[in-house]
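Asks: Chain by chain, the residues run as shown.
2 protein chains.
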Amino acid sequence: ARPRVGYFYAGKKNTLTLTDALMNLKVKDFQSMPVIVSENMTVYDAICHMFLEDVGTLFVADQNNYLQGVLSRKDLLRTSIGTQDLNKIPVHIIMTRMPNIAYCTKSDFLIEAAKKLIDREIDSMPVVNETVGGVEIIGRLTKTNVTKAFISLAQIHEL
Amino acid sequence: ARPRVGYFYAGKKNTLTLTDALMNLKVKDFQSMPVIVSENMTVYDAICHMFLEDVGTLFVADQNNYLQGVLSRKDLLRTSIGTQDLNKIPVHIIMTRMPNIAYCTKSDFLIEAAKKLIDREIDSMPVVNETVGGVEIIGRLTKTNVTKAFISLAQIHEL
Numbered sequence: 796a797r798p799r800v801g802y803f804y805a806g807k808k809n810t811l812t813l814t815d816a817l818m819n820l821k822v823k824d825f826q827s828m829p830v831i832v833s834e835n836m837t838v839y840d841a842i843c844h845m846f847l848e849d850v851g852t853l854f855v856a857d858q859n860n861y862l863q864g865v866l867s868r869k870d871l872l873r874t875s876i877g878t879q880d881l882n883k884i885p886v887h888i889i890m891t892r893m894p895n896i897a898y899c900t901k902s903d904f905l906i907e908a909a910k911k912l913i914d915r916e917i918d919s920m921p922v923v924n925e926t927v928g929g930v931e932i933i934g935r936l937t938k939t940n941v942t943k944a945f946i947s948l949a950q951i952h953e954l
Numbered sequence: 796a797r798p799r800v801g802y803f804y805a806g807k808k809n810t811l812t813l814t815d816a817l818m819n820l821k822v823k824d825f826q827s828m829p830v831i832v833s834e835n836m837t838v839y840d841a842i843c844h845m846f847l848e849d850v851g852t853l854f855v856a857d858q859n860n861y862l863q864g865v866l867s868r869k870d871l872l873r874t875s876i877g878t879q880d881l882n883k884i885p886v887h888i889i890m891t892r893m894p895n896i897a898y899c900t901k902s903d904f905l906i907e908a909a910k911k912l913i914d915r916e917i918d919s920m921p922v923v924n925e926t927v928g929g930v931e932i933i934g935r936l937t938k939t940n941v942t943k944a945f946i947s948l949a950q951i952h953e954l
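Those protein sequence lines, which keep their order, are chains A and B. In this text, residue positions in the first sequence follow our numbering: the first is 796, and each later residue adds one. In this text, residue positions in the second sequence follow our numbering: the first is 796, and each later residue adds one.
So here's chain A without its partners, still in its complex pose:
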């Protein structure tokens, strides 16, 4: 069969095409609020905090809000089946530290941030502002945010 090649009427409502919409999405359009704890919080308290805040990842920061570590639900589950007393282990013992933390900025393209989540096999990463003093945490980008972005593309289509 002959391939359909040619000109298609784009229409008034489609001046922003779905392709444009997809490639122009930024992290800032979909990011969530970060949930931050201090490095001296116990693992037990961190687990309770994760349930209270209903998130899958906690970020660890110093008093200047500079990124020190990341705690995933998986990290906490691994520790919870160990033999140590969860009330005696501070989170800085088990957290992922720099330079092993993947992060993004609010002006990054969402598609690039999504690739980073998949490549690094993580559910969430901090959205940061790199300053001379340190890496400041300003947001949280998760696979939930990317899933919502995916759904939003279909809603553009329905216009």
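FYI, nobody ran anything at the bench for these hints, they're computed from the structure. Each hint should be verified, as a subset may be incorrect.
Since the list can't tell identical chains apart, any single copy or any two copies may satisfy a pair.
Said to hold, decoys possible - Think about it this way: if two alpha-carbon atoms lie no more than 30 Å apart in a straight line, the pair counts; the simulated DSS-like pairs of lysine-lysine are:
(1) K883 to K911
(2) K883 to K943
(3) K901 to K943
(4) K823 to K901
(5) K901 to K911
(6) K821 to K883
(7) K823 to K883
(8) K883 to K901
(9) K910 to K883
(10) K910 to K823
(11) K823 to K943
Guided by the hints, dock chain B onto chain A, whose structure is given.
Replies: Just chain B now, with coordinates in the frame of chain A:
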């Protein structure tokens, strides 16, 4: 400013538009293999199994592979900080049961399944085959799968 309305050259490689691609994606194009345990497995063993298989959700099935329950990393973490011996609690005590389990079929549109994950606030659900005998588990659909689908749309764009 006058809106950009008119005809745009679609090009040889774009006969399948991004909109068509998005709206036609099916669960079967992105689903993963399910990881299934029996209802008598202990919570401790289920946690170990989750780490070994590197998944965030386990499905519980009977000997006919019919769906009985779902265990998330969150369910296991909640139980692990309790006072009970994890080696003495079988997973059927803590699992989510029918009719509270969200599921989808392999021929469902991915966009509808993604909406279900968001609406139900879950990371993963079983892909099933509804038979007269019961609900057979044939796959697993996660926010990771949806994130990969989102990335795949950008790759269509790059063609």
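Asks: Each of the hints needs a verdict: does it hold here or not?
Replies: Verification of the hints:
{"no.": "1", "hint": "K883 to K911", "result": "neither (34 Å within a copy, 40 Å between copies)"}
{"no.": "2", "hint": "K883 to K943", "result": "neither (38 Å within a copy, 39 Å between copies)"}
{"no.": "3", "hint": "K901 to K943", "result": "both (17 Å within a copy, 21 Å between copies)"}
{"no.": "4", "hint": "K823 to K901", "result": "within (5 Å within a copy, 33 Å between copies)"}
{"no.": "5", "hint": "K901 to K911", "result": "both (14 Å within a copy, 27 Å between copies)"}
{"no.": "6", "hint": "K821 to K883", "result": "neither (41 Å within a copy, 48 Å between copies)"}
{"no.": "7", "hint": "K823 to K883", "result": "neither (37 Å within a copy, 46 Å between copies)"}
{"no.": "8", "hint": "K883 to K901", "result": "neither (36 Å within a copy, 46 Å between copies)"}
{"no.": "9", "hint": "K910 to K883", "result": "neither (37 Å within a copy, 41 Å between copies)"}
{"no.": "10", "hint": "K910 to K823", "result": "both (16 Å within a copy, 21 Å between copies)"}
{"no.": "11", "hint": "K823 to K943", "result": "both (13 Å within a copy, 20 Å between copies)"}
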